[in-house]
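Participant: The primary structure of each chain is shown beneath.
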Amino acid sequence: MSLMLLIEQALNGLQYGVMLFLMAAGLTLVFGVMGLINLAHGSLYMIGAFACAAVAAATGNFWLGLAASLAAAAAAGALMELTVIRRLYARDHLDQVLATFALILVFSEGTRWAFGSFPLYLDIPRALAGPVRLPGGIDYPLYRLVLIGVGLSVAAGLFWLIGRTRLGIRIRAGEADREMIGALGVDISRLYTIVFALGAALAGLAGALVGALQSVQVGMGEPVLILAFVVIVIGGIGSIKGALVGAILVGMTDTLGRFLLPIAFSTFMERSQATSVGAALASMLIYILMALVLVVRPGGLFGRA
Amino acid sequence: MRRETVLNAVLALGLLAVPLAAQAMGEPFIVTLATKVAILALAGVGLNIALGLGGMVSLGHAAFFGIGGYAMAVLAAPVQAYEPLMTWPFELAGTKSMPVIWVAAMVAGALGALAIGALSLRTSGVYFIMITLAFGQMLYYFAISWPAYGGEDGISVYVRNGFPGLNTLDPIQFFALAYGVLMAALMVSWMLARSGFGLALAGARQNPVRSAALGIRPYSVKLTAFVISGAITALAGALFADLNRFVSPSMLSWQTSGEIMVFVILGGVARLFGPVAGAALFILLEHWLGGFSEYWKLFLGLALLGIVLFARGGLIGTLAGREVAHD
Numbered sequence: 003m004s005l006m007l008l009i010e011q012a013l014n015g016l017q018y019g020v021m022l023f024l025m026a027a028g029l030t031l032v033f034g035v036m037g038l039i040n041l042a043h044g045s046l047y048m049i050g051a052f053a054c055a056a057v058a059a060a061t062g063n064f065w066l067g068l069a070a071s072l073a074a075a076a077a078a079g080a081l082m083e084l085t086v087i088r089r090l091y092a093r094d095h096l097d098q099v100l101a102t103f104a105l106i107l108v109f110s111e112g113t114r115w116a117f118g119s120f121p122l123y124l125d126i127p128r129a130l131a132g133p134v135r136l137p138g139g140i141d142y143p144l145y146r147l148v149l150i151g152v153g154l155s156v157a158a159g160l161f162w163l164i165g166r167t168r169l170g171i172r173i174r175a176g177e178a179d180r181e182m183i184g185a186l187g188v189d190i191s192r193l194y195t196i197v198f199a200l201g202a203a204l205a206g207l208a209g210a211l212v213g214a215l216q217s218v219q220v221g222m223g224e225p226v227l228i229l230a231f232v233v234i235v236i237g238g239i240g241s242i243k244g245a246l247v248g249a250i251l252v253g254m255t256d257t258l259g260r261f262l263l264p265i266a267f268s269t270f271m272e273r274s275q276a277t278s279v280g281a282a283l284a285s286m287l288i289y290i291l292m293a294l295v296l297v298v299r300p301g302g303l304f305g306r307a
Numbered sequence: 009m010r011r012e013t014v015l016n017a018v019l020a021l022g023l024l025a026v027p028l029a030a031q032a033m034g035e036p037f038i039v040t041l042a043t044k045v046a047i048l049a050l051a052g053v054g055l056n057i058a059l060g061l062g063g064m065v066s067l068g069h070a071a072f073f074g075i076g077g078y079a080m081a082v083l084a085a086p087v088q089a090y091e092p093l094m095t096w097p098f099e100l101a102g103t104k105s106m107p108v109i110w111v112a113a114m115v116a117g118a119l120g121a122l123a124i125g126a127l128s129l130r131t132s133g134v135y136f137i138m139i140t141l142a143f144g145q146m147l148y149y150f151a152i153s154w155p156a157y158g159g160e161d162g163i164s165v166y167v168r169n170g171f172p173g174l175n176t177l178d179p180i181q182f183f184a185l186a187y188g189v190l191m192a193a194l195m196v197s198w199m200l201a202r203s204g205f206g207l208a209l210a211g212a213r214q215n216p217v218r219s220a221a222l223g224i225r226p227y228s229v230k231l232t233a234f235v236i237s238g239a240i241t242a243l244a245g246a247l248f249a250d251l252n253r254f255v256s257p258s259m260l261s262w263q264t265s266g267e268i269m270v271f272v273i274l275g276g277v278a279r280l281f282g283p284v285a286g287a288a289l290f291i292l293l294e295h296w297l298g299g300f301s302e303y304w305k306l307f308l309g310l311a312l313l314g315i316v317l318f319a320r321g322g323l324i325g326t327l328a329g330r331e332v333a334h335d
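Taken in order, these protein sequences are the chains called X and H. Letter by letter, the first sequence follows residues 3 to 307 in this note's numbering. Letter by letter, the second sequence follows residues 9 to 335 in this note's numbering.
Don't read these hints as lab results, they were simulated from the structure. All values derive from a computational prediction rather than experimental measurement. Be aware that a few hints might be false.
Simulated DEER-style distance windows between Cβ atoms [what the hints assert, rightly or not]: (1) H:K104 / X:S217: 49 to 57 Å; (2) H:G133 / X:G170: 19 to 27 Å; (3) H:G133 / X:F120: 54 to 62 Å; (4) H:S258 / X:P127: 31 to 39 Å; (5) H:V115 / X:L130: 49 to 57 Å; (6) X:R166 / H:V115: 54 to 62 Å; (7) H:W198 / X:F161: 47 to 55 Å; (8) X:R88 / H:L174: 34 to 42 Å.
Computed list of chain X residues with no C-beta within reach of chain H, every gap over 12 Å [stated by the list, open to error]: (9) L7; (10) D141; (11) G187.
Where is the CB? At the ideal position from N, CA and C, for every residue including glycine.
Sequences are here, hints too, so could you generate the full structure?
Facilitator: Shown next, in the form of structure tokens:
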């Protein structure tokens with residue numbers, strides 16, 4: 003095992019983590035402000051990826067595709083909020099789970115209807131293709147490095163938005179006491195639609211960016227959604243900071259676990275057996291991490307509970 | 009008689025009459041379909057104990073369903089390969105006997121539910137939903153990446169397991185078995201809801217603080233209910249694996265968890281026969297909608313959405329009135 007390989011894997015983990023953050027941030031905002039659990043957040047991720055792949059294929063321009071992914075996911079999110087989600091705020095979590103599960107079926111099958119069952123492929127833009135040499139002589143794919151940059155900038159932007167702007171003040175006030183800010187003249191239903199569309203756009207962005215690394219297909223959103231839940235449970239519901247820390251922890255643990263565990267097991271096991279035992283254990287590692295956090299801090303690392 | 013009691017009787021007799029009539033008319037496919045309804049309803053009866061009686065919104069019951077399925081395959085597969093189940097620390101043969109498999113599946117499901125429940129019940133509300141979903145997904149990935157039990161390909165069991173005195177290869181006899189188990193589980197669920205334990209559980213659901221003040225520990229009561237719930241769903245998983253003679257990680261997937269929950273809510277949460285009504289409606293919709301569109305799940309999604317938004321209380325709630333408050 004070389005140090006360079008380890009650094010490369012750590013960067014992969016960081017890249018995975020910041021993309022998870024884009025998903026988890028929207029979920030945690032929606033939960034913090036509206037008290038809603040949205041299973042269909044993964045569908046917005048998928049919509050972003052499909053919009054990007056379709057527009058990039060039609061125009062040959064990845065950046066147009068990226069803009070389309072933001073617009074499509076935000077529009078789908080706003081539409082979803084106005085037609086369905088808005089009726090669910092006063093309901094219990096069970097109704098929210100069932101309704102958003104139904105939305106997953108609608109979005110997944112609708113997308114299958116429109117695009118077919120075969121995966122679409124989205125190419126990395128030419129300007130960002132190929133490796134770049136990092137200090138220390140490590141060749142690392144430029145695109146992944148850009149993803150880390152984008153993810154961290156979005157995180158910074160989000161902290162600024164929540165902490166420093168008027169919209170952010172309203173969002174935080176909405177989390178603390180929704181009746182009060184309604185009484186102070188803030189249009190709550192519009193605020194809710196904006197927050198929901200913002201979360202949707204972040205999910206769509208993540209879908210488009212990751213879509214260029216993997217294939218774009220129906221059902222791509224749900225595994226990421228469940229990981230985003232793990233992130234939120236670790237970080238604490240409603241906390242953007244918790245989502246960032248949780249996402250990077252999950253991304254690192256998963257990537258490094260898959261890399262290091264088989265190597266660790268091969269020190270005292272036969273090689274092929276070590277690979278399979280290591281891989282099986284690595285696939286469970288983030289859930290074990292979640293269980294540990296639950297034992298120590300049931301409300302999550304940055305939770306208010 | 010209450011309208012719900014009449015409706016329950018209609019459901020119980022209907023589920024029995026349809027396959028019997030189908031058998032008489034020589035339609036074994038419908039018998040198998042009814043068997044599927046009975047088994048999926050059984051999984052729902054398990055979840056309903058956690059969800060309806062205990063108010064625990066578990067989105068990870070596929071874990072127990074899959075544990076039951078794998079328990080069946082792990083015990084039965086060595087027999088068809090003429091191998092022992094294990095050789096260390098002592099030699100143990102596999103089994104093709106359903107009663108033994110059922111006990112093993114329920115014990116395995118109960119242990120799984122004990123581990124997952126003990127951790128998940130440290131939290132509540134939306135955390136609980138996310139955590140049960142995450143643990144379910146953990147088992148799913150574990151089943152995929154662990155090569156000893158088929159990995160992604162699953163395990164086939166070529167001949168259905170046996171039950172003393174019955175020929176389980178005959179569809180109508182296997183249906184009778186699944187139906188009998190479902191009725192027994194409904195009986196357990198009914199008695200549970202009326203027992204002292206059931207009242208303690210209802211108290212823990214409605215007001216944990218007041219329950220604690222009365223000397224009932226909400227955590228233990230809920231965990232016990234979760235374990236019973238997991239064991240019943242695991243039993244359904246073992247039967248489902250026997251119906252298909254095949255298990256694969258898809259039994260553990262989050263979609264399965266969602267579907268089991270759909271059976272319960274479609275029928276009516278906390279209604280005794282809710283899962284039966286829900287599973288029957290789901291399978292009917294699957295076959296009716298699946299007949300004219302490849303994308304039937306789109307319409308299923310729209311139908312579900314309509315039911316959540318406009319027909320609260322599920323099928324039984326709509327037909328029999330909202331006598332039972334679901335809180």
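Participant: Compare the structure with each hint and give your call.
Facilitator: Here is what the structure says about each hint:
1. H:K104 / X:S217: 49 to 57 Å: violated, 42 Å
2. H:G133 / X:G170: 19 to 27 Å: Holds - the Cβ-Cβ distance for H:G133 and X:G170, about 25 Å, lies within 19 to 27 Å.
3. H:G133 / X:F120: 54 to 62 Å: About 40 Å separates the Cβ atoms of H:G133 and X:F120, which means 54 to 62 Å is violated.
4. H:S258 / X:P127: 31 to 39 Å: Hint holds: Cβ distance 36 Å, inside 31 to 39 Å.
5. H:V115 / X:L130: 49 to 57 Å: holds, 54 Å
6. X:R166 / H:V115: 54 to 62 Å: With Cβ atoms ~56 Å apart, the hint holds.
7. H:W198 / X:F161: 47 to 55 Å: holds, 54 Å
8. X:R88 / H:L174: 34 to 42 Å: With a Cβ separation near 53 Å, X:R88 and H:L174 fall outside 34 to 42 Å, so the hint is violated.
9. L7: Non-interface label on X:L7 holds, nearest chain H Cβ at 22 Å vs cutoff 12 Å.
10. D141: holds, 29 Å
11. G187: holds, 30 Å
Comparing the model with each earlier hint shows violations of hints 1, 3, 8; every other hint is respected.
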